[in-house]
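A.B. asks: Line by line, the protein sequences give chains A and B. Heads up: the first sequence runs through residues 7 to 439, numbered per the working numbering. Heads up: the second sequence runs through residues 702 to 1024, numbered per the working numbering.
Hints were generated in silico from the structure; no laboratory data involved. What you are looking at is a predicted structure, and each value in this text was computed from that prediction instead of being measured. Backbone N, C-alpha and C fix where the C-beta goes; we use that ideal spot for every residue, glycine too. A couple of the hints might just be wrong.
Beta-carbon label-pair distances, calculated as ranges [what the hints assert, rightly or not]: (1) A:Asp-298 to B:Leu-937: 18 to 26 Å; (2) A:Thr-83 to B:Thr-884: 46 to 54 Å; (3) B:Thr-868 to A:Gly-229: 40 to 48 Å; (4) A:Ala-280 to B:Gly-752: 20 to 28 Å.
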Amino acid sequence: MRITSTGRHRTIAGLALAATAALALSACSVTGAGGSSGSEGDGTGTINALFMKQAGYSESDINTMIKDFEAKNPKITVKPTFVAYEALHDKIVTSAPAGTYDIVYSDVIWPAEFASKGIITDVTKRFPESWKKDMLGGALTSAEYKGKYYGVPWGPSTKLFFYNKDMLAKVGATADDVKTWDGVLAVAKKLKDAGVVQYPLAWSWAQAEALICDYAVMLGAYGGQFTDSSGKLDINKGAGVQALEFMKKSIDDGLTDPASTTFLEDDTDKSMAAGKTAMELNWESTFRDQNDPSISKVVGQIAVTTPPAGPTGDNPGVNGSMALAIGAKSKHQAAAWKFIEYLTSEAVQDKYVKSSMTNWKASYTKPEITQSNPEVFAAAGKTYDSMILRPPVANYNTVSQALQVEIQNALLGKKSPQQALDDAVKTANESLG
Amino acid sequence: MTGVSVAGVETERRAPAPAPAPRGRRNRRKRDNQGRLAFWLLLPAAVAVFGVIVYPILRTLLISFFEVNSALATDTPFVGLQNYVQILTAPGFWSAMGRTLYFTLVSTALELVFGLIVAGLLNAKLRARWLFRAVVIIPWAIPTIVNAAMWKGIFSAQYGALNAALTQLGIIDQYQAWLGDPTLALNMVIIADVWKTTPLVAFFLLAGLTSIPDELYEAAKIDRAGWPRIFRSIVLPMLVPSISIVLVLRTVEAFKVFDIIYAMTRGGPVNGTQTVAYYAYTTAFSDQNFGVGAALSYIIVLVILVLTFVYLRMLRRSEMSLL
């Protein structure tokens, strides 16, 4: 292969030709998708599972579950991968064409996107009819899209209200004083004035999904909803604006830690565990962390309740349930289903109830289960009855991004809450088409 | 996806000069054998280059002309240049572009200034100079993701070292959320980037400095030139080749900055640190808008090519430039 000037041109042309040929050969579409598809498999072999390393079941919980499962099913090996929640969505998307993961852990806001884009498989046929009434409705939404099931719920989840009893006692406040958001602000003011803590409140208001979860709780407390009856975003009036005004005011009054706009749930969790925050909204497993002496200075001081009520008396939690789904290109779907069945079974969920709540309605009436984590059961059980859902649309991420940016614009004082939400609704509804 | 080295595969090879006539035939056979051997030896490299550079580049170009809104899409209508039009008319793109330009200009400028100072110090005849040189390279040796996590800790609003230092020195009276304001956050990310990359720039410039012969300095001193004059008339012109290389390298790198943003701020707050590469990432993988994402990455490549071209043209005018 001697390279002369014309030869070089020929080489480049050849490469280009080969590339085009490879494109043509590799698939029927420009993405290369559609070549191979998933299959049942023989119910044995190695399955790869993608989990989340954050709230809920911990890495060691899951590893123990896997060990127990493998002991019962010696022909199946499970290889887990753990990523942060913030990386989970993109990891599921980018690994989809290669079919890397047989099982993925999917959030309640994703079934519309993943199902409509064929990234996870329809498991309606495998899904026993009885589960639909034995599992909590709020948890089921994490796996359902247009009447079909695309996974099995693995823990309902919502943000609860946590407060430091000892700090509140210093200003003579009790549980009754923090039953409403107005009460929370009044107590926060007392805490600040008394110098108990510089910023009584911390929130997860970073530019991330966490912000939308907190906003959802406030929106619910003011009696609002994300969308109107036509499915369009509808938060730039009434409750939507009042909720944001409340959030902004808590910063202006010096009651909310201004660093909240850089916080994820993990940061507020740590801030409370370090004794720098008196009150916060966070997921159920926060209670476990606050009482873990290796990471918390406030063991035994924290109480947990349903979210405080707004002026309308409403106090829904944000639905943050998650589900285990099977990757569309998995070659071991039978084995994957077996593993999902095991993880989501009543017995396993009951066993790890300190880390994550359970899907099964029956568990909530078993004294031996509720006694193992009584505070969270009492708070969560009530909250699951009414939960606010974030809009179930296929391009949820675009909508959420628009909301995150504009809500932050208001929180940082770059725009008025009304202006910010007007802009958010405009951008989001354009993307909804 | 810079794609700058597409055609660089086999350009270095030149045919040997023609052999003298009498023994031509035998030589040609030998040469053919050698050529064949070379072909087989180069084949693995060619396959690798094709597989990981040429093929993805062409594939990305192809995808940028289609509407692809799923990682597993099979129904992908051809939309021509619509993706490009959509990007160029999106306000989000232009603001991301503006932030990227700011990041690129400020970080490259700071790195050059600090790099020059550090290079000058490292070039001084000190005892244990090897030790200083080794210490200075450490930031560059730290992986970006670790660097980002470290600076995120330093800037932390609750327990950050920066807040502690500044309050104890009495410069600020209460802890600041350094990454809490969009403009401030971008500048803070720049600091983290400058800290990490200055050593690289310094070493490029140090290489240039060591190649300046002592006689030039001596001659200048005999002419009674002061240090500012020596710097302007000797050091700077002699450094132009090093500066030009480092400038091109850093501009390109800074323009496609992604990892430090991903680890430190994830583009927030209020998109204040969302650079164009991060914008492309979110568009492609979070919004699953692969067609637009592919078009975006081509726009990034084009901008980088233009920037590089302008730089090289500017520097080529200088007589001392080797480029």
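A.B. asks: Quick check: which numbered hints come out false for this structure?
C.D. replies: Violated: hints 1, 4.
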